[in-house]
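Asks: Read off the chains here:
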Amino acid sequence: MGDTPQRSAHAGTGGNPVATSHERPAGASARVAERPGNPGRPDGGLGGGGALPRARAFGAERAFRGLTLAAGTTVLVVIAAIAIFLVAKAVPALRANNESFWTFEGWFPNDDPPQFGIGALAFGTVLSSLLALLMAVPVALGIALYLSHYAPRRLGNTLGFLIDLLAAVPSVVFGLWGRDYFAQPVADLSAWLNRHFGWIPIFGDGPYGNSILLGSLVLAIMVLPIVTSLSREVFRQTPTANEEAALALGATRWEMIRTAVLPYGRPGVIAAVMLGLGRALGETIALALTLGSTYAISFNILASGGNSIAANIANRFAEANDTGRGALIASGLVLFAITLIVNITARAIIYRRREFTESAA
Amino acid sequence: MAKRIEATNVTAYYGGFKAIENINLTVEPKTVTALIGPSGCGKSTFLRSINRMHEVLPGARVEGSLTIDDQDVYDRDVDVTAVRRMIGMVFQRPNPFPTMSIFENVVAGLRLNGVRRKSILEEAAERALRSANLWDEVKDRLGKPGAGLSGGQQQRLCIARTIAVEPQVVLMDEPCSALDPISTLAIEDLMFQLKDKFTIIIVTHNMQQAARVSDRTAFFSIEKTGDPGRLIEYDNTQKIFSNPAQKKTEDYITGRFG
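Order-wise, the sequence lines are chains A and B. Heads up, this note's numbering is the position in the first sequence plus 9, with the first residue counted as 1. Heads up, this note's numbering is the position in the second sequence plus 2, with the first residue counted as 1.
For reference, chain A alone in the conformation it holds in the complex:
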């Protein structure tokens, strides 16, 4: 879509140069007169003798330009269509809501009057994603540095392949594994954490089971391969000249990494982390299976409970009536906004250092 009118517009402008050339008969006739005299242009070759040829009105250049423009426009159209759909569905449900959408801790949109609030869901989404990143990113960067700068080449490639494989596992598999197998060890760990570090509020009392901690751990495992393989690629691209410069100054390997590799890879690592965060925020089924599906804001990450916007949509969609679906769509809008804020923040961080990163290229 958007393609056809674009093309016809070009066809319209394409006619003009032909017309103008007719208005200059002198130049045109000179060309015509020259051509038959020099068949095959023996005098000029590719450099061309005689008059300069006109710019082509049609051709691959124009067609490609139109094609890319159409592709770019499609994105805008799709985004606009989604936004309109979401808002149109969400507004009636939000109007009908009998409680504060932002602060109410509960989700009863099918009741009469409907009552639902996004607070606990948004809180759970952000908390579980941040925890997941907190656990995954240091490990991922460690693996990435090992693969790019320490491991022997063959081992590095094999390990890298295995990590990419981890990214290909469907999230429902992670979810089932988390719920049926991983839950027990995490419950044991929770009890241990509570016993020894219970004075820290986040390590509160049980019951232990499908908790924010379990969900975050599963999320961390899912985010790990994305952050790892992107960071590894970034680290690999460090110019050898800079690595050698650091080594020649007497840096150890770790000092070389700190001086040359990490600063060079910083924007790329931030992008990798943000992509990971994007995946964590939007992750649906794994969290639907591993979180406790409650609607309370609690910093106790050990106790059964927790919820996220996407998981809540998955869990509640089947039973939802019209208002219920509108409420879920409204929650989707909030998730969209959160993701947008995360992306803008990431861009801002990268933009702030552009003077240095641009001259690096």
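By construction, these hints were calculated from the structure, which means they are not laboratory data. Check the hints yourself; a few may be wrong.
Just some of the chain B residues that point at chain A, by a computed CB distance under 7 Å [unchecked claim]:
1. N26
2. M55
3. I70
4. V80
5. R86
6. R87
7. N97
8. F99
9. T101
10. G111
11. L114
To give an idea of the chain B side of the interface with chain A (calculated C-beta under 10 Å), a few residues [stated by the list, open to error]:
12. V58
13. A62
14. V82
15. A84
16. S121
Taking CB as the label site, the calculated pair distances span [stated by the list, open to error]:
17. G153/B with E242/A: 23 to 31 Å
18. S41/B with L168/A: 34 to 42 Å
19. I358/A with Q94/B: 54 to 62 Å
20. P216/A with G61/B: 54 to 62 Å
21. G17/B with F170/A: 20 to 28 Å
22. P60/B with H205/A: 44 to 52 Å
Don't be surprised by glycine CBs; every beta carbon is placed ideally from N, CA and C.
We have chain A already, so just place chain B on it with the hints.
Replies: Just chain B, lined up with the frame of chain A:
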């Protein structure tokens, strides 16, 4: 501040390929020594084996002995980072750290040595930049990225970074090959000044440059592609360029070969 380097039977390999064979060479302190020869003759390899940068490449190794004031840099107990701090290196293409400012670039080596005090760093940075004839051009924009300078300035920045840690020896691997004639001249002038403090070894493809800047010249060559590079002749620069002892040297410097 300057030391004598003695290479005895230095042979270097890239995996199974022997790049240089049995190089014997003594470099006196506070002199400029030029290594010349056709491409692939191993002069850069020899240069990189002096500060143990050769072994950074996978599969690369060095045999023989290389001493600096009678200390073998290839001794099993020697800390390789200490060797590289003592023997600084300037590379073919300017390679300032792209994410660092001019100031940070100059003091990068000092920071690696654990110098933290701001006043010491500033003093050292100014001294190094003055020695590299760059101070006047950059003193007002020390916080700007080093990569934003011109090619010649970047190379002088790299020289400043190298001499900021006060090495004994400075190795230069074709330092002017990516630069225009004016910047080249600036760096050649700089070499004359640096000679007072450092022992300098420079690899160059430019024979006029070798004749201009060096006290002694070593001519490397290979028999044919795939053979290891050998030292053909090593003598005072004036002698090499006016009356070389070897036919091969004469052929090379007169442009009949290579």
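Asks: Each hint needs a verdict: does it hold in this structure or not?
Replies: Hints versus structure:
Given the 7 Å rule on beta carbons, the hint for N26/B is violated: about 25 Å separates it from the nearest Cβ of chain A. Interface hint at M55/B: satisfied, since its Cβ lies 6 Å from the closest Cβ of chain A, which is below the 7 Å cut-off. Residue-level restraint check for I70/B is violated (minimum Cβ-Cβ distance to chain A is 14 Å; threshold 7 Å). Of the supplied interface hints, the one on V80/B is violated, with its beta-carbon coming no nearer than about 12 Å to a beta-carbon of chain A, more than 7 Å.
Evaluation of the R86/B hint against chain A yields a held restraint, the C-beta minimum of about 4 Å falling below 7 Å. With 7 Å as the threshold, the beta carbon of R87/B comes within range of chain A, its nearest partner Cβ sitting at about 4 Å, so the hint holds. Hint status for N97/B relative to chain A: holds, with the closest Cβ pair at about 4 Å, below 7 Å. Interface restraint check for F99/B: the shortest CB-CB distance to chain A comes to about 6 Å, inside 7 Å, so the restraint holds.
A hinted interface residue such as T101/B counts as satisfied when its beta carbon comes closer than 7 Å to some beta carbon of chain A; here the least separation is about 4 Å, so the hint holds. Because the smallest distance between the Cβ of G111/B and any Cβ of chain A comes to about 4 Å, under 7 Å, the interface hint for this residue holds. Restraint check, L114/B versus chain A: the minimum CB separation of about 5 Å is within 7 Å; hint holds. Annotation: interface hint on V58/B holds; nearest CB of chain A at approximately 6 Å, less than 10 Å.
The interface hint given for A62/B is violated, since its Cβ lies 13 Å from the closest Cβ of chain A, which is over the 10 Å cut-off. Restraint check, V82/B versus chain A: the minimum CB separation of about 9 Å is within 10 Å; hint holds. With a least beta-carbon distance of about 7 Å to chain A, the hint placing A84/B at the interface is held under the 10 Å criterion. Restraint check, S121/B versus chain A: the minimum CB separation of about 21 Å is more than 10 Å; hint violated.
In this structure the hint that G153/B and E242/A lie 23 to 31 Å apart at CB holds, the actual value being about 29 Å. One distance hint, 34 to 42 Å for the beta-carbon pair S41/B and L168/A, holds here, with the actual separation near 38 Å. Distance hint for I358/A and Q94/B: a CB-CB separation of about 34 Å, inconsistent with the stated range 54 to 62 Å. P216/A and G61/B have their C-beta atoms about 58 Å apart, which keeps the hinted 54 to 62 Å range intact.
A C-beta distance of roughly 25 Å is found between G17/B and F170/A, which places it inside the suggested range of 20 to 28 Å. Distance hint for P60/B and H205/A: a CB-CB separation of about 46 Å, consistent with the stated range 44 to 52 Å.
The earlier numbered hints that this structure contradicts are 1, 3, 4, 13, 16 and 19.
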